[in-house]
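Keeping their order, the protein sequence lines are chains A and B. Using this note's numbering, the first residue of the first sequence is number 1, and each one after it goes up by one. Using this note's numbering, the first residue of the second sequence is number 1001, and each one after it goes up by one.
Think of the hints as simulated: they come from the structure by calculation, not from any bench. Computed from a predicted structure; not experimentally measured. We put the beta carbon where it would ideally sit given N, CA and C, even for glycine. Accuracy of the hints is not assured; some may be wrong.
[Stated by the list, open to error] Once the Cα atoms are required to be at most 30 Å apart in a straight line, the calculated BS3-like pairs of lysine-lysine come out as:
hint, chain 1, residue 1, chain 2, residue 2
1, A, K9, B, K1379
2, B, K1379, A, K79
3, A, K228, A, K215
4, B, K1390, A, K44
5, A, K195, B, K1112
[Said to hold, decoys possible] From the structure, some residues in chain A lie toward chain B, with a derived Cβ separation under 10 Å:
hint, residue
6, A18
7, D29
8, G31
9, E112
Here's the letter readout for the chains.
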Amino acid sequence: MWDYSEKVKEHFFQPRNAGTLDDANGVGDVGSISCGDALRLMIKVDPATDTILDARFQTFGCGSAIASSSALTEIVKGKTLDEALKVTNQDIADYLDGLPPEKMHCSVMGREALQAAVANYRGEEWSDDHEEGQLICKCFAVDAVMIEETIRANNLSTVQEVTNYTKAGGGCSSCHEGIEEILVKVLAERGESFKPGALPEAAPSGMTNLQRIKKIEAVLESIRPQLKRDGGDIELLDVDGKTIYVAMTGACAGCQMEALTLQGIQQKLMEELKEFIKIVPTKAGALSRASCQP
Amino acid sequence: MEGIYFDNNATTRVDEKVVEAMLPYFTEQFGNPSSMHSFGNKVGLAIKKARMQVQELLGAEHDSEIIFTSCGTESDSTAILSALRAQPERKEVITTVVEHPAVLTLCAWLEKEGYKVHYLKVDGKGRVDMDEYKKLLTDQTAIVSVMWANNETGTFFPVVQMAELAHAAGAMFHTDAVQAVGKVPIDLKSTKIDMLSLSGHKLHAPKGVGVLYLKRGTRFRPLLRGGHQERGRRAGTENTASIVGLGQAAEMAMEAMAFENSEVKRLRDKLEAGILAKVPRAFVTGNPDDRLPNTCNIAFEFIEGEAILLLLNKFGIAASSGSACTSGSLEPSHVMRAMGIPYTAAHGTVRFSLSRYNTEAEVDRVIAVVPEIIAQLRKLSPYWDGDGPKADAFAPTYA
Ligand SMILES: Cc1ncc(COP(=O)(O)O)c(C=O)c1O
């Protein structure tokens, strides 16, 4: 079973703002029953201030889909529409202390629902880009525009990452070539080149992956005494390209300071590695995929 | 571990008597059965005994027809690859769309290697069409591989009859009986089944030991070549302790067979009826009239399976789901898809699989808890309103 963060579990077991909002003036329906996720977001906007006074959701989906919906409503309440539209799927995931990589698409769905609800309030037709973009992933109806934007917003560089964030490519995998083409294009804009299959990409600083991992370990080692003094610890779980998965244990796990600590560690790692990296707190074990029903 | 374990098709607890039987083979009886000295003597005998215990459970004619392997998956691979290598003039395989990945993934690879694989479709109850099957059988068919019982729904396949038809076409017949062995009586000597796979951990033996039954006279090509173990048909020093454990478990399964088909079945039926009586818009998947006595697979419409499992787990109840989200595959179970179960229900399927260790009190507890959980999730569902599906169907934009 997935090993969710305490925050995800909390929002799944006691979802905030679940149910219908009778005086909603903006409604966003997104998702797809074939994918196993669907979400209706209802918002009540104060026309005078453009502020979201209340938000509710109804979700068909797994634990992390329900938790992401709950988090989304908490995040947007009290925000103006313009502020709310700046919320990214990463913000939703961060609010929940991270999601397992394969579940990132749940947070993407939350962001889409928000855009749809705001468009609905403003009386605009929310096109969801799908009319514009070429349909790439036919299994999950994900188009080129959506993939491109997600790659940009999250600095993705591999097909696997794109699948984790958008679901595209997670079904029959026949669109992997199409996803690669988009990656080639967006990475070129960033001045990088796409390396097919090179999951943990060779480090830009000329370090081999092993050297990089050793360096990361050294950084973590250097801050370990400090964590231990506070009764906690950190464990390196995986390095996947620019994403570094760690598990916080002991007093650090789920504590208020965790996010702050992680930010500090991320900063330090970036300085040491001289490249942009993202640190993702994950429970030990969460990275192994559950296998098909045995 | 405290809690209610209703996931026995995934794996079972090792019976204490099985553990007891195994223990000496880690310590005093550590010898290699192939050795000439007396350290190995007793071990050879223990394996022989285990072979006969399994022979009896399968109703095999000879104990030499039992080959110990490392798992069900190895047995499946060995059987299918052997049939293809032993009959190079035949290039086709027939199987079903609802096999376990142990067979399906191998078949997908065989197709890449240039073999033709025919996948029998199933109807809404998970049954194959015998006329379609007959048409596919030709002098090109090397092997037919059909499971005895499906792991998700428990639905049986008419393997005895299918084996006869395969033989009439000169093809070999293999059955993945991983879910059936130990739960239903099997008498291989009276059938035309050439090969059968079983796995220890589904019948209260340890994980990592399995059996391939190979009918005497069936042409065979080993998967692992090396030493002379298992008469050269499966090289590699025997996993002695686990083999002894599997033998013990086989004997105990024989003894419990009647109980499995009366008492366990009664509990399963009670569980199923109890849930269906209290939960609207829920139905049994597969063929309720012809299935394993321990398995019950229920589709709960308009909610998602992983969420159900998480809530069940909170009550200490372990089950499993064909939902996409539990597997990380993003697709709901291929078995549910093949039976044409609509997406609104396929994502919400939950499998309860019992064993002889479960009790009536556990069944009562699950019957009490499930309706609450389903109602709680439906309250969150955009497809649901009050006590039925929303009148104006929820139709979201694809995201
Ligand atoms: C029908 C079926 N076949 C094969 C297997 C694989 O068996 P094993 O885990 O021993 O390889 C399983 C169980 O996971 C199964 O249910």
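So, going through the hints one by one against the coordinates:
1. A/K9 with B/K1379: 18 Å, holds
2. B/K1379 with A/K79: 27 Å, holds
3. A/K228 with A/K215: Distance ~20 Å between A/K228 and A/K215 Cα, so the pair holds.
4. B/K1390 with A/K44: Between B/K1390 and A/K44 the Cα gap is close to 22 Å, so the pair holds against 30 Å.
5. A/K195 with B/K1112: Holds - the C-alpha atoms of B/K1112 and A/K195 are around 25 Å apart, at most 30 Å.
6. A18: 5 Å, holds
7. D29: 4 Å, holds
8. G31: Where the cut-off is 10 Å and the nearest Cβ of chain B is about 5 Å from A/G31, the hint holds.
9. E112: Interface hint status for A/E112: holds (4 Å vs cutoff 10 Å).
The structure agrees with every numbered hint stated previously.
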